[in-house]
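Chains as they are written, first to last, in this note's numbering: chain A, 235 to 562; chain B, 235 to 562.
The set of hints was computed from the structure by calculation and includes no laboratory data.
Take these hints with a grain of salt, some might be off.
[Unchecked claim] With a straight-line Cα cutoff of 20 Å, these simulated DMTMM-like cross-link-like pairs (lysine to aspartate or glutamate) come out:
| hint | chain 1 | residue 1 | chain 2 | residue 2 |
| --- | --- | --- | --- | --- |
| 1 | A | Lys381 | B | Asp531 |
| 2 | A | Lys405 | B | Asp330 |
| 3 | A | Lys405 | B | Glu328 |
| 4 | A | Lys381 | A | Asp531 |
| 5 | B | Lys381 | A | Asp481 |
[What the hints assert, rightly or not] Stretch-level coverage of chain A by chain B, calculated; a stretch enters the list once three of its residues show a Cβ under 8 Å from a Cβ in chain B:
| hint | region |
| --- | --- |
| 6 | 383-389 |
| 7 | 397-406 |
| 8 | 478-489 |
The C-beta atom is built at its ideal place from N, Cα and C for all residues, glycine as well.
Number of protein chains: 2
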Amino acid sequence: MKVVITGGAGFLGLRLAQRLVELGRLTGPSGRPEGIDQLVLFDRQEPAQMPAALDGKAILLLGEISNRDEIFHLVDRDDISVFHLASVVSGGGEQDFDLAIRVNLDGGLNVLEALRARAGLPRLVFASSIAVFGGSAMPAVVGDTVKQTPQTTYGATKAIGELLVNDYTRKGFLDGRSARLPTVIIRPGKPNLAASSFVSGVFREPLNGEPCTLPVATDTVMPVLGYRTIVDGLIALHEADGTKLGDDRAVSLPSLTVTVAEMIAALKRVAGDRPLGEITVEPDPFIEAIVETWPQDASYERATALGLPREDSLDQIVEAYIEDYLEG
Amino acid sequence: MKVVITGGAGFLGLRLAQRLVELGRLTGPSGRPEGIDQLVLFDRQEPAQMPAALDGKAILLLGEISNRDEIFHLVDRDDISVFHLASVVSGGGEQDFDLAIRVNLDGGLNVLEALRARAGLPRLVFASSIAVFGGSAMPAVVGDTVKQTPQTTYGATKAIGELLVNDYTRKGFLDGRSARLPTVIIRPGKPNLAASSFVSGVFREPLNGEPCTLPVATDTVMPVLGYRTIVDGLIALHEADGTKLGDDRAVSLPSLTVTVAEMIAALKRVAGDRPLGEITVEPDPFIEAIVETWPQDASYERATALGLPREDSLDQIVEAYIEDYLEG
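Given the sequences, and given the hints that come with them, work out the whole structure.
Structure below.
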């Protein structure tokens with residue numbers, strides 16, 4: 235079978251591709267396990283570095299998710315599955331509303347329509363986000379049964395995506411599943427301008443021997459998940475028995491609700507003798523105001539019922555990052 | 235100011251137009267009351283009969299809501315308000331998915347984009363529906379804080395509309411408000427193939443001296459609202475103080491939760507000496523199965539807080555129908 239990862243050159247897309255190469259197979263539209271004979275990473279730009287593990291195993295195809303013809307050309311087999319990760323992110327969507335609508339809404343519809351045009355019921359895993367939650371009426375704990383009142387265009391388009399995946403599935407056009415992702419840690423690379431940059435930075439910069447200035451207090455709390463478990467969760471959701479998903483195909487992935495202080499403690503425990511850059515706290519009212527709008531806690535009953543993987547501790551996440559990016 | 239009603243040649247659109255002609259003014263984008271000097275009913279077809287009260291007071295403009303150029307041409311003044319009622323309905327959406335997406339999603343985006351292109355913050359009232367609720371996890375009572383998992387394409391596009399109205403408003407592109415309508419009674423005219431046809435028919439046909447065969451048991455219960463109160467609710471939501479709406483601009487309109495037996499009792503009370511066609515019950519498993527998926531009860535805390543009008547009794551609804559359509 236063919237597997238397509240949109241946004242495949244991004245951090246999560248590349249990690250997902252590597253895991254799929256290791257597995258070598260997925261459940262096809264037939265309902266039976268099938269070997270993956272074609273793995274296509276669709277993205278608008280090349281990755282900074284293509285992982286060696288993907289050499290000869292995956293094809294990078296550059297294009298625009300908002301171009302309907304390109305997506306119909308991409309989805310050109312009936313024995314296919316798509317992991318739809320391509321998205322304008324939170325900060326980008328606030329800066330350029332039209333781009334967010336074009337990429338996230340029009341692009342999502344292109345993927346849904348291209349899959350609908352195939353014979354059978356190809357599976358689709360859509361990466362949604364905890365950013366679907368927000369607003370003045372948001373409860374203390376967000377999850378599968380909570381009303382979605384997003385307060386970013388990113389979150390709004392993800393909520394719309396969940397609705398469309400549900401309806402295309404209900405109509406028998408495809409077999410869709412949406413995974414609601416919490417904050418992903420530990421992203422490799424450089425700090426960026428995203429308000430959430432510090433959540434990966436508090437691990438990454440000290441491990442690189444660089445200082446990290448935290449813009450929020452250490453008692454700041456949020457749900458997070460390591461990228462390995464997120465990738466395994468996306469695949470487990472792809473493999474899940476569709477009848478167990480019922481008429482709401484969206485599932486909050488399991489998460490760990492932790493404070494920044496707990497993140498720092500885990501970093502120090504796992505780092506051992508490794509020299510660490512210094513962490514200081516310099517509250518930034520602008521970042522603090524954004525972080526205050528985020529959900530502080532998340533539940534994940536449906537993911538648990540489906541047997542999706544969860545993390546036991548932050549320590550595992552730090553260990554995985556060191557193994558993947560510092561000792562690799 | 236100019237007022238546009240999309241779907242203006244429909245039953246509710248015409249009633250709303252008549253009420254606006256009576257009022258003569260609305261709150262304009264300036265925040266002050268302004269006289270309505272232009273009232274445009276935009277629709278894809280002419281009404282069966284144009285009410286005499288609209289002669290010389292409203293212009294009918296025929297066009298397609300999914301045609302972006304036509305909608306930008308329609309929304310051609312800054313001192314404007316739009317009541318966006320145009321929609322493929324529930325049964326129609328299930329028969330023609332692509333039409334529902336084109337009219338309800340693309341058409342809705344056209345209205346939002348055309349208003350965004352104007353200076354200032356024109357007000358928009360979007361007619362959403364209780365059909366946004368559904369599915370196996372639907373609670374016994376639906377309302378403002380309940381997660382929306384619609385089970386029709388109609389309901390899905392209405393839920394998407396609420397999300398888009400919220401986000402366009404949050405971004406400062408316009409001043410949007412969404413009214414979630416329960417089942418509207420009493421629609422004039424002929425019975426149709428909609429599963430809900432009997433809810434108006436149980437009043438209308440007997441009052442016309444015609445027999446009515448009910449496809450459901452008389453203990454069937456549902457939230458309903460009379461068209462006069464719905465029209466007044468749409469206008470009251472237009473006039474409401476936006477700051478009281480906050481970051482979720484959608485409001486469930488007040489409704490009366492009643493059984494079919496209570497509908498029949500109200501009909502007989504109000505009809506008095508009027509001869510009534512006979513009502514018989516012949517359960518139709520197909521209709522019963524659809525009705526079982528509908529919400530049985532609805533709450534409307536936000537509408538109450540905003541002071542939106544509600545009905546005191548079914549009797550008022552029957553009296554209004556007799557006055558408007560049988561004695562008019």
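To see whether the hints hold, each was checked on the structure:
Of the pairs offered as hints, the one joining Lys381(A) and Asp531(B) holds, with about 18 Å between alpha carbons and a cut-off of 20 Å not exceeded. Distance restraint check for Lys405(A) and Asp330(B): the Cα-Cα separation of roughly 11 Å lies within the 20 Å cut-off, and the hinted pair is therefore satisfied. Restraint check for Lys405(A) and Glu328(B): the C-alpha separation of about 9 Å stays at or below 20 Å, so the hint holds. Between the alpha carbons of Lys381(A) and Asp531(A) the distance comes to roughly 15 Å, so the proposed pair stays at or under 20 Å and holds.
The straight-line distance between the Cα atoms of Lys381(B) and Asp481(A) is roughly 13 Å, inside the 20 Å bound, and the hint therefore holds. Chain B is given as covering the region 383-389 of chain A, and this holds because 4 residues of the stretch bring a CB closer than 8 Å to a CB of that chain, at least three being needed. Given as covered by chain B, the region 397-406 of chain A passes the check, having 6 residues with a CB less than 8 Å from a CB of that chain where 3 are the minimum. Counting residues of the region 478-489 of chain A whose C-beta lies closer than 8 Å to any C-beta of chain B gives 3; at least three are required, and the coverage claim holds.
Checked against the numbered hints given earlier, this structure breaks none of them.
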